[in-house]
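> For reference, the chains in residue letters:
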Amino acid sequence: MGMNDYEVIVGLEVHAELCTETKIFCGCKNAFGAEVNTLCCPVCMGMPGTLPVLNKQVVDYAIKMGHALNCRINRVSKNDRKNYFYPDLPKAYQISQFDIPLCEDGYIDILVNGQKKRVGITRIHIEEDAGKLIHDDSFDGSLVDFNRCGVPLIEMVSEPDLRSAEEAKAYLEAITSILLYLGISDAKMQEGSVRADVNVSVRKKGSTEFGTRTEMKNVNSFGAVYRAIQYEAARQVEVLENGGVIEQETRRWDDAKGCNFLLRSKEDAQDYRYFPEPDLLTFEVSEAHVQELKDSIPELPVAKTIRYMQDFGLNQDDASLLASNKARSEFFDSCVAMHKCDAKLVSNWVIGDIARILNERRIEIGDTALTKENLTDMICLIEKGTISNTAAKTVLETIIEEDVSPAKVVEEKGLAQVNDADALQKIVNDVLAANQKAVADYKGGKTNVAGFLVGQCMKATKGKGNPATLREMVVAAIEAL
Amino acid sequence: MELYRKSASELSALLNKKEISALELADATLARIEAVEPAVDAFLSVNADAMREKARAVDEKRARGEALGALAGIPVAVKDNICTRGVATTCASKMLENFVPPYNATVVDKLEAADALIAGKVNMDEFAMGGSCENSAFKATKNPWDTSRVPGGSSGGSAAAVAACEVPLSLGSDTGGSIRCPAGLCGIVGLKPTYGSVSRFGLVAFASSLDQIGPFGRTVDDTALLFDVIRGKDSAHDATSKDCPFTMPGSDVRGMRIGVAKEYFGEGVSEEIKTAVLRAVDEFKAMGAEVVEVSLPSTGYALSAYYIISSAEASSNLARYDGVKYGYSGRRDGSLTDLYLSTRSEGFGREVKRRIMLGTYVLSSGYYDAYYKRAKMLQKQIAAEFAAAFEHCDLIATPTTPTTAFRLGEKLSDPLAMYASDICTVTANIAGLPGVSVPCGVDSEGLPIGLQLLGPHFSESKLLTAAKCFETAKGGFAVKEL
Amino acid sequence: MKFDVQHIAKLAMLKFTDEEAAEFEKEFESIVGMVENLPEIDSKGALLDPSNQMELREDVVVPSMPRNELLSNVPHLVAGCVVVPKTVE
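Residue numbers (the working numbering), protein chains in the order written: chain A, 1 to 481; chain B, 482 to 963; chain C, 964 to 1052.
I should point out that these hints are in silico values taken from the structure, not numbers from a laboratory. Only a predicted model underlies this, so the values are computations on that prediction, with no experimental measurement involved. Certain hints may be false.
As the list claims (entries may be wrong) - Here are the computed lysine-lysine pairs in the DSBU-like style, where the Cα-Cα straight-line distance is at most 35 Å:
(1) 426(A) with 384(A)
(2) 755(B) with 989(C)
(3) 989(C) with 266(A)
(4) 743(B) with 989(C)
(5) 257(A) with 117(A)
(6) 1007(C) with 575(B)
(7) 620(B) with 973(C)
(8) 82(A) with 1049(C)
(9) 989(C) with 132(A)
Make the full structure from the sequences, and use the hints.
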């Protein structure tokens, strides 16, 4: 038996840093990349006598995520201590939530190969991040930077509903795009603002019982999630096929080496001695506020993708590409709402030339002068045959820089298509005369040279000819020879 | 009368009338400390220069006619688990021997804003764990009434410094009786306020859900004055703090219902103490109060619940002392675990380790429900019983301690006997209630006996009114000449 | 009642010699005996106290503490960082 006889079961624990102004339990600024130990106070350092005071924004953000993931919100909640010793954890306990997480029992729909798949969300809770250990081979010891201590996190735990590395990657992408949509996290895996622990088990196909799972840490990119799961599933299958058993253990993924290592065996499992955080009291979020937060949730990427596919006939790739970026999809929505031109054309421009320019310049749509009026006007000009697609690219370059009407750009730059039949006929005749060999080829059956001849005609019109008209004219002229 | 014998209120009057200057008072205080410290050993550090400097500043402020704080020029001693910026805060532990906090506790900021003079930091049981002040890593404080005896703990230094007239006022902390017990054994007034009424920010944590800072004084009015200065919500620093309505104590207990619960007069409480407390209850009756019997059936379980909850929280609160960020640091030439183990094993004293071990055990996998959770449920039950009792009475009168001051060393080798000294006081911490201890006589050996009055949440005004009426009826509380 | 001193000591990050451990074990028999004196009580349900709630803090920045002050008690400091024996992981 081999890989194909087994099914992979994956569950993800995703930690996301929230982009609040301040840390979760003190007023220190929550920012990435500051000089070591400069965004700290005695609370961050866990100094004697200091106490935590919970940031309201953290609770609000977590509840927003709870709504986005269709969770039940526990309006009355509390914090708990998770006790363990490590130098990056100054109090030697992490303030987290144990038995009453803010959000529970939700789900997320993800799209995999055009199919909608529902993944259960067990819980979302709030907690504080730990500091950073800096290792340097030139130095005999490790250095601790406490800046990250107290940065607010939400931990989102999925049910073991994922059945492949692809699904896990799609799930993680869906989660990060929701974080960005809600504006509650920078969601940058490379900077560590989103981190995933991956639980993997395998079982024979057809079996209904779960196998023993292992937990993998240090999985730091979408690609790594995919690779780590592929590796771990294969490792487990190999162990089982060789008559071994899977131990419940924690392993560390090494993406550079493409393999994982044992970090902690079950016997070393830590006893975290959770108990209610006595420095904080029970807190309650009003029903009205929970509703207010719910009402603030925008349409989310997967729902948007499905709507784009159904309403505008976009394919899944285009629809999800468009939906994955909040600013661009909102711009698209606003253009389409004007009902001036074909939504598919708008989509092509937004995910095509506009996306290319934005990505090259590393900016977003809001950083440009592009307006929904100007883009749709430009597309209307194409639809009416006033300008060619080629000319439209020139128009786009202009209207992305300044708020000027496309009609004016067309006029000023002389981009209007030449539709004068006599003028075009002269050009066609000239081109055919100058390209006798191509004409002969066409007559000899190589009809694809027509494209070349149309191109030559376009060139002669300086891009202003209507390519469709020109093609008809070229074909007609050759046939008539 | 010597200056040092005077109450804070009397000293304030003298200062206001400019009969004495704050600097004179500071000097007199320092002289008194120098004279009696060899016998009492209450202070861990005396801040003479800072005190004189502050006294001069207060005198200048007064000379300029500026508004002065409520404790202008009055010396106050501060328990050494309350953080003072730039001044060592040791918790009487080798672990924090050299720890100098770069921040003030909120109560210290409040003392400074009230223009008080901080006389120094006073001794305690290490990390506030103990009932005799002998668990200090540095020295044992003595009871001014008999220096062969303990002052009680853990705020033994705070109580002894006031009882020995070194300072008129001091701050202590009370987790299971650590203000009331030493107040009782040293014959002074000690108030454990309602949980949350005084900010805990800067109080080095023992058991977060039970710890509370409170005042000591030789008179009820002085104690009330200090409480008034330190109380109040501290939204920015302590999420458990609350605003506490308070007016200075009145002078009438007529119609007040004083509850007596038989559970506090059981086995283990000395007959002399029972008699003295019941005599005090009669005194209230004579003053026009009504005496009612109330029932607090779960009292017998309170000590167990207390040791479970307080040790559990302590095991977590004290985990931060690891030799990395501050305080004592052990072996640095080995692994991280070597550093942790050597720091903690060498830095903590025996009693602290005992509590950390007990707390770790009751929270550990498989025991949490049987111990910690059961104790927390019992806590709810005890609080509910008090709430029910306070429907029938305004205050409850009990002994403060089961015995009067015991001899130094007497209970050191018997943890359980030491733990039992908290038997009358832990319930107030468990239920978050305010309690005050006032002197109600002496035993056959001439040692002070404490009367404890307990009230509902935020009933400090009423508690101190009753205490003041009792004080007036007794013609004031005795001070032992050293 | 079985009380494994060395296991608890490991969790608590404390070290005891065998003699100390033996002494502790004896003491603990009596201390645990005392704390076991709890009545049977319903211990189901979460430890929430909705009748005693806290307020939450507004998300407003307060300046951090200057680093030299903040780290003034650190036993071993290098380049503004706190030093610990080398950690592996």
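> Hints first: check each against the structure and report whether it holds.
Hints and how they fare:
no.: 1; hint: 426(A) with 384(A); verdict: holds (24 Å)
no.: 2; hint: 755(B) with 989(C); verdict: holds (34 Å)
no.: 3; hint: 989(C) with 266(A); verdict: holds (31 Å)
no.: 4; hint: 743(B) with 989(C); verdict: holds (34 Å)
no.: 5; hint: 257(A) with 117(A); verdict: holds (32 Å)
no.: 6; hint: 1007(C) with 575(B); verdict: violated (41 Å)
no.: 7; hint: 620(B) with 973(C); verdict: holds (30 Å)
no.: 8; hint: 82(A) with 1049(C); verdict: holds (24 Å)
no.: 9; hint: 989(C) with 132(A); verdict: violated (42 Å)
Figure legend: structure checked against the earlier numbered hints; hints not met, in rising order: 6 and 9.
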